[in-house]
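Below, each chain spelled out in residue letters.
2 protein chains.
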Amino acid sequence: MANIIVLGAGVMGSAFAQLLADAGNDVRLVGTHLDQDIIDSIKHDGLHPNLNVKLPGRIGAFSYEELDQVLAGSIQLIVFGVNSAGVDWAVNQIGSRLKTIIPVLMLTKGLAPVDNSIKILPHVVQKGLSHFNIVDIPIAAVGGPCIAGELAARRESSVVIAHPESQFLDRLLALVDTPYYHARASTDLIGVEVCAALKNFYTLAIGYATGQLEKKGKAANGALMHNLAAGLFTQAMAEMSYFVNFFGGQPDSVLGLAGVGDLYVTCQAGRNGRMGNLLGKGLRYKEAKSNHMPNDTVEGAELALGIGKTLNRWLADKKIDGNSIPLATKIVEAICDNLPLQIPWTLFYQDT
Amino acid sequence: MANIIVLGAGVMGSAFAQLLADAGNDVRLVGTHLDQDIIDSIKHDGLHPNLNVKLPGRIGAFSYEELDQVLAGSIQLIVFGVNSAGVDWAVNQIGSRLKTIIPVLMLTKGLAPVDNSIKILPHVVQKGLSHFNIVDIPIAAVGGPCIAGELAARRESSVVIAHPESQFLDRLLALVDTPYYHARASTDLIGVEVCAALKNFYTLAIGYATGQLEKKGKAANGALMHNLAAGLFTQAMAEMSYFVNFFGGQPDSVLGLAGVGDLYVTCQAGRNGRMGNLLGKGLRYKEAKSNHMPNDTVEGAELALGIGKTLNRWLADKKIDGNSIPLATKIVEAICDNLPLQIPWTLFYQDT
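Chains A and B are the protein sequences, given in the same order.
Just so we're aligned, residue 1 is where the first sequence starts under the working numbering, counting upward by one.
Just so we're aligned, residue 1 is where the second sequence starts under the working numbering, counting upward by one.
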């Protein structure tokens, strides 16, 4: 097994730290500057206040200010458990301290605008570390349907770990080998990461169905709006396939855990679906955010705000085919331009 | 527009009859021998007692005993709205009376064992009609996420109409053109039909997650079992892709309305999910059926009972690859052999 640092003590980083400990690794969980209360609580009695779980005592908990000390030992893997807004911070923390090549595994998901283009986060990290003259670090990523609270409760979860090199993947799979965590390898890092980021984005639109239902109510005969949600889900899948292909990934990944699996689970629970619900009720994004979710990070909306401009430029330049992503176009419009979310039915299902 | 017969006055046949009327067609809704109460009610005041909707007065309602009279007029399309157990009956009713070539559109979904093989229902109907020397009838089919009660309430629904000939598809699309019904054409009749049948079958396994949750309860930290459901959903998608390819369909259909769309909606509501829930609680199929759903047709279980033997023989003969359908194998075992439903995690996600 291995000595592993998990950077970021939010719900996913901490649940993953427990998994790694269950698999027999020596784990050091390092909180960011936003995690001090969590780290204090874990140091006190093991309790992670947001996961509502007592972490095993063998997990060491540290403040980021103790990172020098944590990195001084022999470390075989660094896990990025920060959220997408914390990636630059994590890169700086690690980049300024790293003296040897230590592989990185990313739980953080997203797409980021870089140099007039859009990149998956492992490539953003790679570029960020290169500014510290750190190159050749293998950076893998986890995708698939894995709600942190369920992982922390050791409930059956299925994920895919992605990196172009199979040998590295085999080593990573061995580090997470536990009965309740069903991990598979994928060499399609791009496809997995594009899916992982876009599932939040498209859940904004699929959640629209629950909001519409609340707004319009049950029909006189008791009918709900499952057909509407399923139609949106299908269009989201088609557009995710287009994007995966566009960015150079394998469209097969959309059919796998990182694609359909993660989109499915994200629609069942969470903040993106909740924002979608508010949009479906007819609220505009800014109103929904400030009045109902002021302290929540809505990753799908952050993604739209991050890549919306680039996407619109590519649409204008016909670098990207607007007919293939009509729903994405409307989501970007709803988030970036604060317009009501519209469902462009006549443009849907072109490839059915 | 057209004069259209809808054969079968159950919820889907009747909701579709209303759609056809909304689109401007002249519709005659014909009940089977099981639908007499429904037909009587519709004749009385338009109310469909199971849909809880008053059908438009311009839809003519008839008993199957009036079929001669109904067929005497000029008819351009016959819609099969019976359930899968009623297909033979419908073929006999139509086959014994038909004097001209009238195209058929099937709402009925399923796969049936025929001559030591497994066929999609349009091919079963084709074969059945050939016994009456009726050949060359074009038979199309509807797939996609469309809960009948929602369609009857005129809520947004998305479907795919499948047939190898595009011109016939264009005519059919024109007949269902209404603002709330988003229909697209597919020339992949086999792929659409295999998906349409298997979505019920796999929902038995996905529903297992809700049963497990009820049995084991929330975790101490409040966690549910969405990860489990999403894992099963993903494996179902992979196996549906295998089956579609095996039967000669286009795997792309699995990514479309008939595949992922219909699987999604079927998991949200209905009898297959309810049976899956009972299996997930630990009940065996026969106990679940006789004690909890004695009067319900569980289409996914009927499918397993119908094709289970053939499937097992194909597995034994290695005509079909067992490694590609581990979940199907366990579902067949649970239904046909009345064994507890097991989830073979280690065999999952081979293609991820």
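No lab work stands behind these hints, which were simulated from the structure alone.
Treat the hints with caution; some may be incorrect.
One copy or two, it doesn't matter: identical chains are merged, so the pair holds either way.
Derived DSBU-like pairs (lysine-lysine); straight-line CA-CA distance at most 30 Å [as the list claims (entries may be wrong)]: (1) Lys54 with Lys43; (2) Lys43 with Lys286; (3) Lys127 with Lys216; (4) Lys286 with Lys309; (5) Lys318 with Lys119; (6) Lys54 with Lys216; (7) Lys54 with Lys309.
Status of the hints after comparison with the structure:
In this assembly of identical chains, Lys54 and Lys43 lie within 30 Å of each other by CA distance solely inside one copy; the values are 11 Å within and 65 Å between copies. Taking the shortest alpha-carbon separations for Lys43 and Lys286, neither the intra-copy value of 38 Å nor the inter-copy value of 52 Å comes in at or below 30 Å. Proximity of Lys127 and Lys216 under a CA criterion of 30 Å is satisfied in neither setting, with 48 Å inside one chain copy and 46 Å between copies. In this homomeric assembly, Lys286 and Lys309 come within 30 Å of each other (Cα to Cα) only inside a single copy, at 17 Å, whereas the closest approach across copies is 57 Å.
In this assembly of identical chains, the alpha carbons of Lys318 and Lys119 lie at most 30 Å apart only when taken from the same copy (19 Å versus 44 Å across copies). Taking the shortest Cα distances, Lys54 and Lys216 sit within 30 Å of each other only across copies (20 Å), while inside one copy they are farther apart (43 Å). With identical chains, the CA atoms of Lys54 and Lys309 are never at most 30 Å apart, being 43 Å at best within one copy and 49 Å at best between copies.
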